[in-house]
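Model the full assembly from the supplied sequences, consistent with the hints where possible.
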Amino acid sequence: MELTTYVNNLWIVVAGILVMFMQPGFMLVETGFTRSKNSVNIVMKNFMDFSVGAITYWAFGFGLAYGGISVGGFLAYGSFFLEGDSINYFFQVVFAATAATIVSGAVAERTKFSAYLFFQPFICGVIYPIVTHWVWSGQGWLSELGFIDFAGSGVVHMVGGFAALAGIQIVGPRIGKYDEDGKPQNIPGSSMVAGALGVFILWFGWYGFNVGSALSAVDVDLASIAVTTTLSAAAGSITAMYVSMISGKPNVGMTLNGALAGLVGITAGCANVNNLGAVLIGLISGVIVVYSINFLERQGFDDAVGAVSVHGICGIWGVFSVAIFDISSGLLFTGGTSLIFPQLIGILSISAWAYGTSYFVLKVIDSALGLRVTVEEEIAGLDATEHGTIAYGDFITKS
Amino acid sequence: MELTTYVNNLWIVVAGILVMFMQPGFMLVETGFTRSKNSVNIVMKNFMDFSVGAITYWAFGFGLAYGGISVGGFLAYGSFFLEGDSINYFFQVVFAATAATIVSGAVAERTKFSAYLFFQPFICGVIYPIVTHWVWSGQGWLSELGFIDFAGSGVVHMVGGFAALAGIQIVGPRIGKYDEDGKPQNIPGSSMVAGALGVFILWFGWYGFNVGSALSAVDVDLASIAVTTTLSAAAGSITAMYVSMISGKPNVGMTLNGALAGLVGITAGCANVNNLGAVLIGLISGVIVVYSINFLERQGFDDAVGAVSVHGICGIWGVFSVAIFDISSGLLFTGGTSLIFPQLIGILSISAWAYGTSYFVLKVIDSALGLRVTVEEEIAGLDATEHGTIAYGDFITKS
Amino acid sequence: MELTTYVNNLWIVVAGILVMFMQPGFMLVETGFTRSKNSVNIVMKNFMDFSVGAITYWAFGFGLAYGGISVGGFLAYGSFFLEGDSINYFFQVVFAATAATIVSGAVAERTKFSAYLFFQPFICGVIYPIVTHWVWSGQGWLSELGFIDFAGSGVVHMVGGFAALAGIQIVGPRIGKYDEDGKPQNIPGSSMVAGALGVFILWFGWYGFNVGSALSAVDVDLASIAVTTTLSAAAGSITAMYVSMISGKPNVGMTLNGALAGLVGITAGCANVNNLGAVLIGLISGVIVVYSINFLERQGFDDAVGAVSVHGICGIWGVFSVAIFDISSGLLFTGGTSLIFPQLIGILSISAWAYGTSYFVLKVIDSALGLRVTVEEEIAGLDATEHGTIAYGDFITKS
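Residue numbers (the numbering used here), protein chains in the order written: chain A, 1 to 399; chain B, 1001 to 1399; chain C, 2001 to 2399.
Calculated directly from the structure, the hints in this document are not laboratory data. Everything numeric in this text was worked out from a predicted model, so none of it was measured. Beta carbons: idealized from backbone N, C-alpha and C, even for Gly. Be aware that a few hints might be false.
Unchecked claim - Straight-line distance between alpha carbons at most 16 Å, and here's what the computed EDC-like set of lysine to aspartate or glutamate pairs gives: (1) C:K2177 to C:E2297; (2) C:K2398 to C:E2378; (3) B:K1177 to B:E1378; (4) A:K398 to A:E378; (5) B:K1177 to B:E1297; (6) C:K2249 to A:E377; (7) A:K249 to B:E1377; (8) B:K1183 to B:E1002; (9) B:K1249 to C:E2297.
As the list claims (entries may be wrong) - With the Cβ distance kept under 8 Å, some of the chain C side facing chain B (calculated, not the full set): (10) I2017; (11) Q2023; (12) W2058; (13) G2078; (14) F2080; (15) E2083; (16) S2086; (17) I2087; (18) F2113; (19) A2115; (20) V2364.
Below is the structure:
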């Protein structure tokens, strides 16, 4: 191979390592935003997300996405129990784990660990890989339509977000989340510092996610992707904070989710928009996420970390924003070929697929095993009942 | 472009990503060293440091530093609302955020959030960029004098440290920091583990800061910069611990600040000194930081995390140490052209500029808005009064 | 130098930075798994591990490993107080610190800080460097025999693990670890979230450790090493969890140690085995670590974090697994030259050397200074008695 190829591979490996580090980012956001009596359970789910994800993606997930023979642009077939093709596997497996991990936070504090373990192979090994085949395999039906999703606002984040939506619908709200009038109650998280560290780690890892999706370091302007990513996250964080001040004081949860919203929003278009476009995408992401979180909460959707809004709804916005801000073909800037049709088809098909398949699989698991712990177990906390331990053995806690 | 350029750009992007990760490092040091009733406030300040910093540096900070037309070597003009030149923006914006974040820790636990928000655009967008124009733009008056500051002991750390000094003078000491006789009291931090994690994260990110400042990976010995950085930090950590034992037991706060002192100390000369020089610079940094922290505390300067000593005073030492240990022109080693004059001019001008402008801006903000919260708010904690929440919703805390 | 060399050096520097970040990983595992009254002490030991390690490795450790003149393949001589050769020093010093840090966790909660400080220069500066001379210097007697240890299951992890074994034997079990019948008692850790974050950080840094050990980015398939590393860690995590369920509920401590076991297990063979081999190595590592931890605990060895099992015993398995799964010469796959003899010699000599020299040095320190704190100090906690502080000044703790 030529030196150029080795330089490209070096960057993909480094970027994959950065994306892998998003796993503890999710873990910290989820434990920080929830109560300490369920922290060990969240730790266990996050370790299994990556571990079960890596094994199932090796066994069959990669093969369904990139296995050589495409079955009508819908899925691939081949390369099961993969040997070789390491560079593609390594970068993709960390993405697969990300999609799975998004679900974990939304359904936290009331989901049975064994049932969750059954769901993981489906999302890492089937649901997510098939969407990647549609978009990133070079053989998929969505990419044929002209659909653009550079780093995965749709492929990764909408998949995770809509699977999470199915999850919270089936498992139902946590005890105490709504009062007898159905009014949502605040359930304080165990550590906003852990949550903030998690968001900063995700932001850090996101440079691997977005910039790494160039899948190359040569003949590409990596820095421009890092800059659009930075500007959108920054703008999302700022607007979410100011929007949160409309109904009160500058809110830390909204600010943190605003940064994530800006990151999800720019993920589809990070290589296709200019800096001004990135700032605007982020600004709008920060507004969307606050209203979406408040709206879903009022509708009875109890999302413990805001994952559906951050990843699902802002994922939609990210995919659609490419149609508006894409420099070469966008509406506002140069008026080339309209991306509105392919992006809308992508939004509809990915959300329907992720939601529908997750709903089906989770319903089957619910019927067979029960997806939710008992009332007593939920009140006692999952750490004690599911894992026989406590997370903070040394501290006096309230819950 | 040639492959060499892409390899260089790849390294600069990776280094910039590492420097960005210093943000949670600062956040953890600041929350760990202070009380839990103010942790959310610190989280919010750190998120806004990077977010507001990124937007203002894009809007006008970069233009004042590197905008093309130099106004007498004092500032540049142009490239506002930057498009293009991504590689320079990305590496510089993470530096700008670092300079801003240093202030946040020093004035923690009593500064009004809204007032702090007003200060950020000045330091990220004006005060810091102008100093970079003096030294790193290739057009600045200080670099013309022969001033050397490879990675920013002066440009970044002195700027942050002297802005912090102005801040703590204006905002005054925390309630309870001094008894009625003016004797300083110890205010225990909420988590030394978080503080230590923060320092390790800063140390990790510092490799991006120092080694990345080569702005190249080709025709440069990156590893030698990593080694001088490592040795100085290690030496600073060790001597600070032993110096702390003169008046008691091995002190964790001093040891952690000793590592940071060694890092700040080597930042100016990391590419200009040999390994022995690096060890000596670190040794002396570790001594300086302990005496400086104790001295300032006795003088009535209440610096919640030791930021003025670590970044300001050790920044001076770092800049000056180049005149002593520089291999090509230093006094002790080969006796080339003396750097004493340019380094002293740099120390005086950067400290005066950062202190003076920050003092002026903060005084204006203080008159207009008030920089300090009320006594009741300070006692109740900024998290409750400024953000309507608590950081550790699940834990029983003392404050 | 040619561009290829700069690309290689760039990767080694990045990999070294990743390995350095394992230091806070160890710190978090150790503080998370132990009681909060000893957290500052652990922080201090970890900072000194890296700081004292960096200085002693610069002063004489590197010279004993790679100093030019080999004394009979046993140790080298030269390059003391190193100048130049930065790329080799930087990558090796972070490995040396890792070997030292392993010991810190095992003997936590009862070891005198001053005594520990005396031990560090020996392991970083003598015990570890001499083993690296045997295996990685190109002049050593073990590599002459055909011994293979790509990234250090033996050279780093067995050295740390067997030094830790000597440490826990000499220092004895913690008060309260065994009841009057000698039955082991559970001592709950202060934060499983910190422990889990530590393991994820170690996993992240391990990519630098294993993939970086290629010492090159060109003419090598870096991604394949990242993949074997990922698969083994994932498999280890899963099997350790399931094995822990034989006698109870899915255990978080075992799951976390299972991931580390899989990482240690694959370290020797990560570049020599295929993906299926990596999965099998990890599966077996996860089984070994659970039984080893339980066995050692029942035998009266009180290892506060499971370091002897994770690093020592799984290190043996990692070294031996190369003889089974090596693609070019392994038994199961292609039946080339048997590696059984060199690997067994390596296991015996490294474990004997690390255990024997550590035992001797620690015994001498024990006689001279006393290795263990007093009963009163141990009960009060090392933070108060050794460092005059508490780790969590703001929280109400139980111990």
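Would you list, in rising numerical order, the hints stated earlier that this structure does not obey? Numbers 8, 9, 13, 14, 19 and 20, in rising order.
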